[in-house]
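Engineer: Residue numbers (the numbering used here), protein chains in the order written: chain A, 1 to 76; chain B, 1001 to 1371.
Don't read these hints as lab results, they were simulated from the structure.
A couple of the hints might just be wrong.
To be verified - A short list of chain B residues far from chain A (calculated; beta carbon distances all over 10 Å):
#1 Asp-1009
#2 Ser-1017
#3 Glu-1025
#4 Gly-1027
#5 Ala-1054
#6 Asn-1055
#7 Glu-1134
#8 Arg-1157
#9 Pro-1184
#10 Tyr-1255
#11 His-1274
#12 Ser-1291
#13 Ala-1315
To be verified - Sample of chain B residues with no beta-carbon within 10 Å of chain A, all distances over it, derived:
#14 Gly-1047
#15 Asp-1049
#16 Ile-1126
#17 Ala-1179
#18 Glu-1207
#19 Phe-1208
#20 Leu-1238
#21 Arg-1251
#22 Ala-1266
#23 Leu-1271
#24 Pro-1306
#25 Gly-1319
What the hints assert, rightly or not - Have a look at the derived ranges for each label pair, beta carbon to beta carbon:
#26 B:Leu-1012 with A:Ala-38: 24 to 32 Å
#27 A:Ser-43 with B:Pro-1184: 46 to 54 Å
#28 B:Glu-1083 with A:Ala-56: 26 to 34 Å
All figures in this text were calculated on a predicted structure; none of them were measured in a lab.
Think of the CB as a built atom: it goes at the ideal place given N, C-alpha and C, for glycine as much as any other residue.
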Amino acid sequence: MSAAGEHCGSGHCITCGDDGVPMTVVRVDRDRGLALCALDDGSRQTVETALVESVAPGDTLLVHAGTALVRLETAA
Amino acid sequence: MKFVDEFRDPELGRAVSGEILSLVEPGRHYKVMEVCGGHTHSIYKYGIDDLLPANVELVHGPGCPVCVIPMGRVDDGIAIAHEDGVIFTCFGDMMRVPGSNGSLMDAKAAGADIRMVYSPLDALRIAKQNPEREVVFFAIGFETTAPSTALTLKRARAEGLKNFSVMCSHVTIVPPVRALLESPDLRLDGFIGPGHVSTVVGARPFEFIPADYGRPVVIAGFEPLDILQAIQMILRQLATGRCEVENQYKRVVPYEGNLRALEVMAEVFELRPHFEWRGLGFISHSGLKLSAAYSELDAEERFAVPGVRVADPKACQCGEVLKGVIKPWECKVFGTACTPERPIGTCMVSSEGACAAYYNFGRFAREREVV
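Looking at chain B on its own, in the form it has when it is part of the complex:
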């Protein structure tokens, strides 16, 4: 397939892997965080960690949109879904995220009209087809999905649709990365920057990482060679004493991002003063809500939501996994009480979640063999 096959060439992969080996200093332990859940998924799907020297450790970051939704938000969604006349729409993965009293899937089984959609545009279509019903879209995701929600809201307003609203749980990528860099229990040597978020925000927002924290960042694509090359570029920066933002994914990511997407997001959304992240707690200016100009399409204005903060289950260690402090298999319930079929924590729900990636691709090994 175009744009795919050329980035899965095993010969080239072995060559890059050899270069990585030549760049690492023996005796030094390297910790590189892949911020984006899409990278986590690719790393375990293709076994990229098996191609790395034993002293290069990949740490999985908080960039999985489903994994970071706290239980209280799920409860809020379920409360709206149970309102009379409501059709509640959301992405498929979101339906299985546990709230304090079951998931949206459980609420659907209990009679709520909850429908899976592939895009906010699908939700808008449902609203047009059901003018007598209130259609709510549960919007989640980073700057990759936020422009899609923003465009749909503009379209809803332009078409004068009165029975459509959005429960906005969009988040932004920079604040949690900064929070991780401030975290005393985590020492990282470099970052693999998120590829598709950067198509929207560009590379510039990540410049604070080398400037303020002295860590290199390489924005990378999602194919195996993309990720290997990004690791090689990070190690080369470390070996040569450079520290900057590099763009491995130039074929897709413009350094300035997508200005139209940023404009439409600025028009439709505004930053919340703070937003709760699962496992990470409240992070300032990290969540988006609808701007005053679009407040009439805000589901949280239209319906009463409990808005209660719910603590994560005691057994669940998603917070430590999301911060990269522990590996998924180090969690007490990993693969036993918590599985993709019956998740306790969010990291086991989405295919981008670190726990689901480990579980689905059979990565149970406690130690890695030296390449």
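Only chain A is shown next, with the shape it has when bound in the complex:
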């Protein structure tokens, strides 16, 4: 394992779990409150979506330790 995970090169460090990472929703599993999300580099992760209302494919979420904390508004 590298010093702090290979993602640190891009400024993201999901290994340490305390960096908010913008991820794009690929698929939503409403029944289980989960969504499959992708990073810019194409890697994917299952994300808890219980804290964000009505998640849809294409949304960008700020993900922290596998949980979406907020939806990022495109117009921002």
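Start from chain A and add chain B according to the hints.
Structural biologist: What follows is chain B alone, placed relative to chain A:
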């Protein structure tokens, strides 16, 4: 990349830097603390301190979740990891934090089944895949990661999972900031508030800083322009005699926070009477434990842990670094005995740690040139 490139525009950066220069009073020394380790990382990655006038000093705060874990907690984790049948899971950075007798990485090398996970949900998945084993998740972090642990615990209980538990070492951001403000050896002029913690707790919990201590707070994002603008906003408050909580990171942080996250945390956790912070000592009501309703999923109830308080190594000055009293390079072992590969202190472990940020981005300069 969306939400990123527009906040790294060098022209805009130079313009904000010029405005900062026009706001500072010559002869006055400004000390601004960035509470969050994510900001520390960005500041040194992008060289933001080089864009500031020499009399604006950035002081690095205690907001790095790995850096504040005391050695005794690491020892407790290792003790659980060595129990028969246990799979111990934690975030990658946590594996390298030294305990009194080695790190979790060393324990793994000695045969303990310790696995790195990206989220508590990953740990839950391991538990489902290994019903005959006990899976423990070492939960660390501020209010950014605590909701994730809380949701996973709710999920574990809803699914009736019996072989999953959490060793909870979550902490809260406000008590250490208050402790720093009470500290006699530190005089600060303002705070850059933590961006992502505030997506959960909102801006309101920081209102005591201007109200009780007369210091401005600006909650900021993590891109270079975010941080520069936050410094400019703090200096403008100081220049115009205002003192309040401002939100530079409105595109992400709602003033009220995330109410669902606060609700789920309130259900799953309760405050410990006190919690030990590395270098800062015991701080009242600063740590979280599982609430009575979730105690059957508490690893500290399920396994015997030594719970011994272990003093930091004598050579290590993480405490002073975490309080912003000294700069990382002023520590006796910085970059010599203590490096990211072989850390003595926690601040050298995580990429968010002030020492690691200085070391990785080559910030060894003892003096700054005037812009």
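Engineer: Name the hints, by number, that the structure is in violation of.
Structural biologist: Checked against the structure, the hints that fail are numbers 21 and 28, while the rest are satisfied.
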